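Enquirer: The listed protein sequences correspond, in order, to chains Y and R. In this text, residue positions in the first sequence follow the numbering used here: the first is 1, and each later residue adds one. In this text, residue positions in the second sequence follow the numbering used here: the first is 1, and each later residue adds one.
No wet-lab data here; the hints were simulated from the structure. None of these values were measured; they are calculated from a predicted model. Heads up, some of the hints might be wrong.
Unchecked claim - Pairs of lysine-lysine residues, derived as DSS-like cross-links and limited to a Cα-Cα distance of at most 30 Å, are as follows: (1) R:K205 <-> Y:K7; (2) R:K156 <-> R:K219; (3) R:K160 <-> Y:K7; (4) R:K48 <-> Y:K208; (5) R:K185 <-> Y:K7; (6) Y:K208 <-> R:K37; (7) Y:K27 <-> R:K185; (8) Y:K7 <-> R:K156.
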Amino acid sequence: MNMRCGKAQEYLSRAMDEALPADVAGKLERHLDACAECREYREDLQLGRRLLAGTEPALSENFEWRLQLRLSQAMQQAAADAYYPWDDPRADRKAWFRNFGTAASVGLAAVLALAMFVGPAGRTGSGSVPATVHSSAAQVAVEGGDRLPLDITRSPGAGLIGSGLQHPVSVGNLQAGNSGAFQAPRGWSGERIEDLLTIQQLRVENRKLANQLSQYEQWVNQYRAQLDRADSNALDLGEE
Amino acid sequence: MNLSLDEHRYGSPSPARADLQDVRDEELIVLVQNGQKRAFDEIVARYKGRLFSFILRMVKDPSLAEELTQETLIRVYIHATKYREIAKFSTWVFTIATNLVRNKMRQRSRRPHLISLNPAPEDDEIPVDPADQEADPTREVQREELAALINAATAKIPEKYRIPFLLREVDQLSYEEIQQVTGLKLGTVRSRINRARSRFRQLIKPMLRNEDLLEELEKIEARAAAEKDNEH
Chain Y
1 MNMRCGKAQE YLSRAMDEAL PADVAGKLER HLDACAECRE YREDLQLGRR
51 LLAGTEPALS ENFEWRLQLR LSQAMQQAAA DAYYPWDDPR ADRKAWFRNF
101 GTAASVGLAA VLALAMFVGP AGRTGSGSVP ATVHSSAAQV AVEGGDRLPL
151 DITRSPGAGL IGSGLQHPVS VGNLQAGNSG AFQAPRGWSG ERIEDLLTIQ
201 QLRVENRKLA NQLSQYEQWV NQYRAQLDRA DSNALDLGEE
Chain R
1 MNLSLDEHRY GSPSPARADL QDVRDEELIV LVQNGQKRAF DEIVARYKGR
51 LFSFILRMVK DPSLAEELTQ ETLIRVYIHA TKYREIAKFS TWVFTIATNL
101 VRNKMRQRSR RPHLISLNPA PEDDEIPVDP ADQEADPTRE VQREELAALI
151 NAATAKIPEK YRIPFLLREV DQLSYEEIQQ VTGLKLGTVR SRINRARSRF
201 RQLIKPMLRN EDLLEELEKI EARAAAEKDN EH
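Whole structure, please, built from the sequences with the hints as guidance.
Expert: Here it is, written out as structure tokens:
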């Protein structure tokens, strides 16, 4: 017996999967001819395979219905995710950084703007007050040293409006231009409306499927109950 | 998917699906990519049993196994466009299933174990011992009971051996396919399957000489063969 049993049993496993080279298979056969223990091992492995195949579990009766329902929900969720990317928590994390950057930029710009208006006030009696600031409140600021002006007769935004921005931003583009054509607000497109319709359709379909599933489950329960009741007198039918 | 109630009740394939029965898996998924939902029905019909069988023997809980089977099939549908025919379709499907199972088992192992005041035996502790069967020789060994014994034995194989073992024995994937699904080396796949078989044999050894059980197994096989003939 050239081959040891441990090696033979390893080869037996591969032979069961038809993955043993022919020359090794020949040696294995010779070993098996002479070794009852390994022959028994082979029989056990084959029986184990039969047992696994013979006891395959069965799925529940309504598996496909529930799959269909879940698939519909998943499609709805996928459509919603595509439409509302901000619901994605990963996107939220990125948005936080982006928003923080924007907020920091706006804050810095505001501080700089304020410094331009108020900056000279810090320099008491320096005589370097810009010519553009003529209000009495500004004078108070100048006199009061580090106090901020409480009332500036001229709105800080007025200069901006005067220098080009013709209407408040909150009004949007609806007043702009004389073409009279409606300009959709930023962020809207025809495709997205279609997406909304798809979501709506999926919701309707989803409700329909949920109803069908519920009816089907009722039917199964009724049938089971009928079967339970029918057991005792089912054999009477054969008498007629 | 478009299953009518009657179709589901009686299990008869619709004519459209019958046309797809000879189509290869790899061609079916291309049809799914092109929006043909009937092709997906055929994929579900082909894979639901194999997936459930594999997943149940990994997670042991039937309702969780069904949930993960559905999740696998949903992912196949939603990500159908990501499939490229560089790997066999079955390899792709079982890779999805294996990853889902692993994640679920990892989540479970992280959960704290609660100590019950009335401890019930865990599945692992259920003895795989046919002595009970032998104690009452008149009792017929039912398929469910046999399945429970086999599942209990399978569950005792350590996870790293069980995955390649089940992929081979239950789902009939080749060594190369199992290598792709698990990411293991070919030699490791072979040796893990061999060790799992050896362990499984040790676990079921006491059952193997039980005449009732073998008789029941033969009945099950005869029924399965008859059902297969009826299908054809």
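Enquirer: Each hint: holds or not?
Expert: Going down the list of hints, with the structure as the test:
1. R:K205 <-> Y:K7: holds, 20 Å
2. R:K156 <-> R:K219: holds, 26 Å
3. R:K160 <-> Y:K7: holds, 22 Å
4. R:K48 <-> Y:K208: Distance of about 24 Å is within 30 Å: holds.
5. R:K185 <-> Y:K7: Holds, at roughly 20 Å.
6. Y:K208 <-> R:K37: OK: K208 (chain Y) and K37 (chain R) at ~18 Å, within 30 Å.
7. Y:K27 <-> R:K185: Since the Cα atoms of K27 (chain Y) and K185 (chain R) sit roughly 26 Å apart, the hinted pair holds (cutoff 30 Å).
8. Y:K7 <-> R:K156: holds, 24 Å
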